[in-house]
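Working from the sequences, and respecting the hints, build out all of it.
Number of protein chains: 2
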Amino acid sequence: MSASPAALILIADGTEEMEFTITYDILVRAGVRTVSAFVQDLAASVLAGPNPPFATCSRGIRIGADMYFDLAQCGPDMYDVVIIPGGARGADTLAGHPSVQELVRRYVERNKLVGMICAGSLAAQTAKLEKQPLTSHPSVKAQLQDDFEYSEDPVVVSDNLITSRGPGTAFPFALTLVEMLCGPQKREEIRGPLVFPSQTPF
Amino acid sequence: MSASPAALILIADGTEEMEFTITYDILVRAGVRTVSAFVQDLAASVLAGPNPPFATCSRGIRIGADMYFDLAQCGPDMYDVVIIPGGARGADTLAGHPSVQELVRRYVERNKLVGMICAGSLAAQTAKLEKQPLTSHPSVKAQLQDDFEYSEDPVVVSDNLITSRGPGTAFPFALTLVEMLCGPQKREEIRGPLVFPSQTPF
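Residue numbers (UniProt numbering), protein chains in the order written: chain Z, 1 to 202; chain S, 1 to 202.
Among the clues, some could well be false.
Part of the chain Z face toward chain S, derived, beta carbon under 7 Å [said to hold, decoys possible]:
1) D25
2) R59
3) M67
4) R105
5) V108
6) P133
7) E152
8) P154
9) G166
10) T169
11) V195
12) F196
13) P201
Everything labelled a hint here was simulated from the structure, so no lab data went into it.
In this text, a Cβ means the ideal position worked out from N, Cα and C, and glycines have one as well.
Below is the structure:
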């Protein structure tokens with residue numbers, strides 16, 4: 001557990017904006033240095049974009065990323081966790097990108113955390129991670145259930161791979177990352193001001 | 001209940017990005033035509049900004065708004081609901097803006113919905129709405145409890161004024177707006193794919 005952890009969260013056109021925003025915001029609240037990196041769709045006709053880059057997310061919200069994704073600038077020597085959000089089109093871009101696949105493998109090899117939520121869990125498959133417990137959005141379960149020990153728990157922790165299901169599990173996903181990066185006390189500290197309804201199970 | 005309702009959501013520098021994003025995204029999922037309008041801080045030294053405008057939100061995420069706020073373009077003849085998110089600095093800008101106060105009064109007078117969450121509920125006070133049930137983030141309770149029938153429920157519906165508490169209540173807040181604009185069936189329809197953990201109380 002680093003005294004001042006750092007997180008990298010990837011974003012692309014079509015990323016689910018609630019999953020991105022909840023994860024980023026909660027990490028910042030916990031004092032984690034959080035950086036977003038925009039991954040370009042290699043199939044897009046025009047690769048040059050604005051600087052800094054903006055993603056048009058799954059429900060039309062435009063979000064400014066902190067930088068363009070670059071494998072050399074995003075490695076496990078610089079961050080303690082890499083996070084891959086969902087949103088069908090965004091997850092296709094992220095999971096299908098060879099440099100993102102290589103990035104995921106490098107984080108696993110260096111024993112850093114890898115977080116995937118919703119269709120972002122497809123990146124576990126494209127990065128050829130070993131068979132292990134995992135969850136995802138139900139819409140991509142059929143693609144993943146043969147290659148992983150598929151679970152329907154809201155958040156699945158398999159050593160350093162943390163997976164989750166969708167926007168409705170983004171809060172417990174982000175709070176789990178906070179706990180793993182900063183400890184259970186920090187998780188409790190930031191939970192109060194979020195004002196969850198009583199009986200909320202996370 | 002309109003067949004194709006429309007929602008206006010205000011945003012400013014310092015707006016809480018989870019509250020903005022969850023509400024906007026959920027409304028779009030329900031088929032509501034949703035438009036965000038950027039409100040400039042009248043105390044800022046430079047009022048001219050980029051076009052389209054971008055807000056720097058409370059935890060550093062930059063979000064592109066669909067247009068600049070303009071009272072004449074944002075009235076209750078054009079939208080079925082106006083929503084005011086929280087985030088301390090953003091809510092100060094929104095609640096303190098005379099044209100936003102006038103906008104809130106016009107929606108109330110025309111019997112359209114007004115949604116406020118977190119510190120956004122301060123706008124009920126600055127718009128001088130009548131004493132009625134209301135909630136807010138706990139951090140601004142002391143400012144509001146004399147002028148309203150203060151509640152600590154996650155979502156408070158007082159005729160056409162819907163108020164809520166913080167990021168942790170943004171999902172039930174947005175789902176309540178969907179139910180009021182589109183009916184309970186639409187709320188159920190969009191709830192499933194969000195994949196809330198079982199036992200989630202909304």
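List of violated hint numbers, smallest to largest = 3, 4, 5, 6, 7
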